[in-house]
Every structure is written in C-alpha cells, then in structure tokens.
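Visitor: Listed below, chain by chain, are the residues.
6 protein chains.
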Amino acid sequence: MKKLTHFDDHGKAIMVDVSKKDETLREATACGSIFMKPETFRLIIDKKISKGDVLGAARIAGIMGAKRTPDIIPLCHPLAITSVQVDFSPVRGKSRIDIRATVKIKGKTGAEMEAFTAVAVAALTIYDMCKAVDRGMTISDIHLKEKSGGKSGRFIWEGTTKPKK
Amino acid sequence: MKKLTHFDDHGKAIMVDVSKKDETLREATACGSIFMKPETFRLIIDKKISKGDVLGAARIAGIMGAKRTPDIIPLCHPLAITSVQVDFSPVRGKSRIDIRATVKIKGKTGAEMEAFTAVAVAALTIYDMCKAVDRGMTISDIHLKEKSGGKSGRFIWEGTTKPKK
Amino acid sequence: MKKLTHFDDHGKAIMVDVSKKDETLREATACGSIFMKPETFRLIIDKKISKGDVLGAARIAGIMGAKRTPDIIPLCHPLAITSVQVDFSPVRGKSRIDIRATVKIKGKTGAEMEAFTAVAVAALTIYDMCKAVDRGMTISDIHLKEKSGGKSGRFIWEGTTKPKK
Amino acid sequence: MKKLTHFDDHGKAIMVDVSKKDETLREATACGSIFMKPETFRLIIDKKISKGDVLGAARIAGIMGAKRTPDIIPLCHPLAITSVQVDFSPVRGKSRIDIRATVKIKGKTGAEMEAFTAVAVAALTIYDMCKAVDRGMTISDIHLKEKSGGKSGRFIWEGTTKPKK
Amino acid sequence: MKKLTHFDDHGKAIMVDVSKKDETLREATACGSIFMKPETFRLIIDKKISKGDVLGAARIAGIMGAKRTPDIIPLCHPLAITSVQVDFSPVRGKSRIDIRATVKIKGKTGAEMEAFTAVAVAALTIYDMCKAVDRGMTISDIHLKEKSGGKSGRFIWEGTTKPKK
Amino acid sequence: MKKLTHFDDHGKAIMVDVSKKDETLREATACGSIFMKPETFRLIIDKKISKGDVLGAARIAGIMGAKRTPDIIPLCHPLAITSVQVDFSPVRGKSRIDIRATVKIKGKTGAEMEAFTAVAVAALTIYDMCKAVDRGMTISDIHLKEKSGGKSGRFIWEGTTKPKK
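Chains as they are written, first to last, in the numbering used here: chain A, -14 to 150; chain B, -14 to 150; chain C, -14 to 150; chain D, -14 to 150; chain E, -14 to 150; chain F, -14 to 150.
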C-alpha cells in the first residue's frame, strides 16, 4: 500500500523535503461548482438586477486566496506563484456556477493546493455575498481537473473517485 | 426581488453596516464531505497503516482557518470567535469523510462564513495530505446545516437548493 | 508641548492603554487622490475600452486593507470593524480619481487608521493595475476628512496642515 | 490605446502570467512625503522632546509592509525580496518628512509595488504615532522615483503625471 | 487528575467554548531572557558603538507579535487587546537582557498567550539582529510572571515548575 | 569590534541586501525545551490519560510558524522553505520536553530564524494547551544547534554563550 508522504516513519507530520527537486514550470487546474436557487442565480448573472458584481469580487478573492495557501494549509510549501486565473461559467438551466482556477508556478513542487484554494475561496465569497437571500446554496465537486510539470507528470481527472450518488 | 446586501444602491461592494445591531450569542454549523478511493479511506482511518493522523492535522487547520475568515473573505466582518469545533465522521461503505464545523460568537453578525471556512480548510488539508496517493479526491456538499441567533433567526437546512443530479 | 501618546515616559513605544475607555460608536472618513495621464484616466473610467473594472478591484482591496490595519500599523489596536465603505469620484478635467473611505466601529478607540489604510490600499491597487501603461501616477493628499465618537470628539478637516505648494 | 495588463480579453482580472519571464535583478525606488504642523515636526525630529523614536518605528513598519505587499495588493505576485531600505529626510522649513524606499528582488517581475507599499506603510505609521497631537497631517506625492531591471528597462520619474495644482 | 481543556471527551482538539463567560478586564505579564557574549551585549546596549537600536526594533516586533497570537497559536481565541507594553532590562554582569511583556484585554479569556508571544517574538528579533556576530545566543526562562482577571483569579509565578539545573 | 549587519552606517535598520549572494542549499536546526510539573508531563506523554494529542498539534503549529517567520521577525527575508521537521523528545525524569526543528531552504540566506520560530511556536502551543492545568511551565534554552550552507559555513553549537546558572 502506498504511504502518505506527509508523515515520517514514526507517523509525525512533516513538510515534505523538496530541497533537491528541480525547479520546473508547473501548472494545475481545479474546478468546483456552487448550486443555488434560480432567483439567486439571476441576481448574480444579471448585474442590472443585482446592481453588483458578485463574480468580480469572488474572482479577486480567489486570486488572493491562492496566494494565502501556505498560510492556511499546514504542510504546503510556500511557492512563487507566477500566474493565477479564476473563471466562472454560469450554467443557466441548473442554477449553478462552475468555478475554474488555473495556477502556474516555477518551483520544486506542484500548484494543486493553490488552485484548490482559489476555487474554494471564490465559492465561499459567492456564498457570503448572496447568503442574505439564499442560505441554502451548496458548494460541490471541488476536484483537480488537470496538472502538469514535475516528476509525477501529467494528471487528467477521470472522475474515478468522484462520488456516485 | 430581494437585494444583495453586499452592494449599495449604486452597485458598489460594501462591508454591510452592522454598527447598530445588538451583540447576541450566535452559532452556525456547516457541513461538507470529501470523497476518495477505498484505499485512501483506509489509510486515513486506520492510523496503524498510515502511521499518521490526517484528521488531527485537518482539525487544527480547520480551527485556524475559521480564525482567518475575515482575512480571506473580502466583505466578512472581523468577529470575536468564542468557540470552534470541527468533527469528522468517516462513512465506511462510501469511502467518504463527513466534516462538520460549529462556530460560536458573541457579536453583531452571524458566524456562517467562519463555519464554512473551517469545513473548506479542513477538507483542503485532507486533500493536501493524501494527494500523493489519490489525486482524484473530491470535496462536495459544503452547506449551512443550521444557524441560530441574530435578527434573521434560526435556519435549518432543508436541502432545497442542493444540487439534484 | 503636547506629548506623543505612543511612547511611555522613557521614550519606549507602547500600544496605548485603552482598557478603561468606554466602547462607543466611532466613525472616521479619510480621503486621498491618485493623479494620472488622461489616457490612463479614460482606461479606468470607460470600462468598454479597458475591458476591466479597476475601481471594483481597488474597492475590494481597500475594504480588505482596512481589516489588515492592526497587522501592518505597529501600534494600532485590533478593532471590531462594523462597516467599511470605499468610494471613488473620478474628476474628469484633472485626470484624477478621488478616493474616500468611511469606517465605523464600536470600540474603545477610533477608526482613523482603518480609514487611512483603506484609502492607501485602494490607491496602491489602482497604481498596480495601471502601472504597465502609466508608471508616473502619483498618490496624494491622503488626509482625515472627519471623525466622530470617542472622548476627543468630532474632528473636521480644515486643511491647516495640508501642504501649500 | 494601450491595454491594462491585469485583465484578460474578457475583462476579467488576472494575475499576469510571468511564468516564462527571466529572473533578473530588479530594483525600484518609491518616494512620498508627509506634511504636518511645525510643532509635530519638532516632536518627531528632536527625540529629546518627544522622548520617542517615531521614525525608527515607521522604518520597521515600512520594511515589514514591503513584505506584506502580495497579501494586500490583489494582483501582485509574491516576490522573494532581497533588500529593503527605508529612509527619511526631514525638510525643516516645510514641516515635511520625505520618505524613500528602495526594494531589490531577484525575480520575474518588478518590485515597484513593494517600494510603494513600504512608503505608504511608513507614512501611515508616522500618522498613527502622531495623530493624537496633529490630526491634520497629510500624506502626499507617493510616486515611483526610479526602477531598473526587467524587459521594460529603466524608468526615471520625470513628473509628467504629477498633479499640477 | 485534571483534564486538558483543549480536547473534548473524545480527545479531539477544540477551541474552548467561552461564549458564556463574562467580559472582564484581564492582564497578563510574561518574562524571558536572552543570553549572549559580553561583546554582543555591549553592541546592543551602547548604541554609539552599534549605531543601531536593536531593542527599539525588538519592542515593535514584540507588540506586533502579541497581535498575531491567534494567527500562530492554533487554539487561541482572537482577543481585543487594549494594551501591550514590552520592556527590556539589560543585566550587565551577566550579558543577559531580560524581557517583560504586559498585555491587557477586556474579554472572555485571558491574555497569557499574547504576553508569551510578545516576549518570544521580541527575543527572536534580538537574535535575528545580532546573529551575524553571535550565533550562540540563547533564549531562556520564558514564563508567566503574573496574571489577573477572570474566573481562575490571580496567578503569581513562584517558580515551582521552573527547571532546576 | 564586529558590526551589526541589520543597520546601515547611520544606524538605520535595514533588510540586509542579499541580492548578489548565491542560492545554495541551506539547513538550520534549532532546539529548545519546555519544563513542567510531573503531572502535566504525564498528561502530555500518555494520550490515554489526556485523551488528546498535544504534541501533534504543537508540531503542526511549529511547521506553520516556520512559514510565518518573515511576517513576524521584522528584518527577515522571505524564504522559499523546502522542508520543515519538528521533533519532540520527552525527558521522563526531568518532566521536560525537548523540541528540535530543522528547516531547509534553497536560497540566498540562512534558515536559522525559521528554525527558531518553529521551536518557539511549538513551545508556546504546548504551553497554551496545558496552561489550564499548569501555569508555571517554562520555555528555556532555545538555541541554534547547527547550521550549514552559505558563505559563513557550518556552525555547531558549543554552548559558549549559554547561560551558566
């Protein structure tokens, strides 16, 4: 059975030693969705109604969140992020907004957690800005879409460990 | 149609003015789940195999994450948190770990975002610590379970805006 | 001659003891301006040209900056901010954007520094987002416009210590 | 007309992709001034009177502020700062203190924002420490004095976009 | 045997629930020392030789450190600090500098950790600023000197659990 | 007499300019101890009694603390940490827990302060988690055990500046 790399042989949590790994260009894309009532969806999408740019604020929050990753995820290495992009795709019939974050770094370890954190923070920000009208919104399906660079190579999500409900 | 409270009449983002609201005891509980491969689930649950306490680290991260909420969610008020509790319920047959965070404050506005952030950060930490063995883990169903205190009163989640897939 | 309150009798820097002051509602408004080339001004004001919302991002940054005040100003007390509002007034003929931030707290000491920091961070963000097209932008005239609440009472800026150039 | 680099073609805010830029030695110097009453100026300059080192504290704050730049400016890249220097030049006849910050990095993008932030935080700290005796102090003329390194080459401030009052 | 309050009945780490405790004025004083070579001691004490104010910088760092306590100590409550004071007593014959920090809050739980953190950060800053001339400096005897306020009442250190070497 | 490198020729605090130093692999180990009552020691060591993992939480805190070093130590350079390891050795007869942190970086300056901060934060966390049963615990003997890499070469602690009591 594989071993969890974040523990040493005595079960103690460690920040994995990447001192001798090469610095390469690495890229990771994470996705997620936030589900809501149709009225909430309309408020977000049609800025004429809401008179406010929820997604603009959530994008800024997601980008800033990516930079805070090593502050909030205990064993993450601090990384020199070279690019963050956060995109939203409203899915009209489903009252759902899909969130996608791509992070690039030149470094010794991957940017998956930065991409995940960007998605999570963007979703939390949407919830925060709309919670007064819709407390039942749900954040779901946050997963790694793709990553490249580094020794473990390319990963493309095939949904294998996704929940089957 | 209801209005988004985080924008003024000109559509500008604001931190909602709660200056004149009463300080009351408020409590919020958020839930979420992380889905994974059966092998990963066993590694997390059976510390004899993994030789490491993934959930212990994720709990600490979730509690600390709750405290960072106003730093990462743009329009959140800074709140004097008086209690944070983060619990994990492994669901054996489903290779799923359910996460539940309850936050209490004595303040002028609710603790929903703190509870959400605790769940999200705990889930991200589990992902981080296990990603070397299972990149396909998925974080889902983060939602507000219950809240009480404050003028808007009690809320209990009834799943209305949850995704139906 | 008046004494600087941030030092004790031996000249040592201290965080002023406000333990026994009353908690009252306090409000402070700070203003400032950023000057730029006419072309830059047009890019910011006319979102159709720039295809981006500089001021929206700067507003979010200013609000978040207000919350970081005790982290960056050494002797500031941590305060429970209850409201932040950041407004921009483009002054067309002068290629100047005026920035105004109002912060409210219920606390034992005033919110001036939070309002100042909001203005400064909003201005720095505008600079950052436009620096590729205009490195010569200048941030000026950051001052306290008004404050109320607390023992020292109301202050309204009369420009007395403003630079006369 | 030039384009704002912090937005993509759809007007969405992005952290500019610098992944493929070379790491070079870069340096930036920003300047600014704080204006005050003559009495305040004397209190700051003559430590025998004030019994406290306002500028020493402001210098520490400015250096620490430079390091917090990516935390507070939304689209700034995290940079490995290799040097920060903050200097103050009291201008006696004008009751003005000039602030100058020079930041060096070895990196893929410039250090202008770090230098600006150092100046702004140093100025805010001076205001904070003296506000009890002079609420009318004004922070002005924060601008980029000089920068070198990187593809855009050397910039020396010529005052073109400075306000003409 | 007494129980550790930071764990629930199942051994899970929690932020202790203080929601229903009264807000009272609380005060805590922590002390500690840093030991060094006589030459280093002289450099710090005699600013004419060192041409720099090590203790001034360490005092600012200690005060700021107190404010960061809930960010760095996992289960600490965020507290509204109302006063921080950091003092240094050079002990000439022993080449030792004693550090003492007093923190006051109006709150539901004590300020011990804030006082401890102020002492530790001040000591670390002295080490940092002098390490180029003396890598062997040692930080010792950080302990709670006194605390008052709150249900557990007054505590005065009697050295009982101090190491006897 | 040697000079303090953190001041310029005029006694002004600076972040030392390391722009032109080579990036090399650097490693630093700091140690420290926390002394307590025998009962407290047993509670920490025997998790069956305490029903909680004090040292697990302290280890996470120490690792995260290492990453916060440039935020809390004023003149520290931000460094790309590539490894952190925090170990505890309970010394049964002495009711003492020894703490040891090793930090590695690839960078232009050493990782001593990161190792020190990890030890200090781990010790403060142990104090925090046990203070309800033992307010008299003492943190002592935090010192640099060893460092390597960089121009100043290898350092091994020989206790010369340790306090002799």
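Hints are computed from structural coordinates only; laboratory data are not their basis.
You may find that some hints are simply not true.
It does not matter which identical chain is meant; a pair holds if it fits inside one copy or across any two.
[Stated by the list, open to error] Within a straight-line C-alpha distance of at most 20 Å, the following computed PhoX-like cross-link-like pairs (lysine-lysine) qualify:
id: 1; residue 1: Lys79; residue 2: Lys91
id: 2; residue 1: Lys32; residue 2: Lys91
id: 3; residue 1: Lys5; residue 2: Lys93
id: 4; residue 1: Lys79; residue 2: Lys32
Visitor: At 20 Å max between alpha carbons, let me know whether lysine 79 reaches lysine 32 within a copy, between copies, both or neither.
Guide: within (19 Å within a copy, 30 Å between copies)
Visitor: How would you label the pair lysine 5, lysine 93 (within, between, both, or neither) given a Cα cut-off of 20 Å?
Guide: both (8 Å within a copy, 16 Å between copies)
Visitor: Cα distance capped at 20 Å. Does lysine 32 pair with lysine 91 within a copy, between copies, both, or neither?
Guide: neither (37 Å within a copy, 33 Å between copies)
Visitor: Which holds for lysine 79 with lysine 91 at a C-alpha limit of 20 Å: within a copy, between copies, both or neither?
Guide: Classified as neither; 37 Å inside a copy, 37 Å across copies.
When held up to the earlier numbered hints, the structure conflicts with 1 and 2 and fits the remainder.
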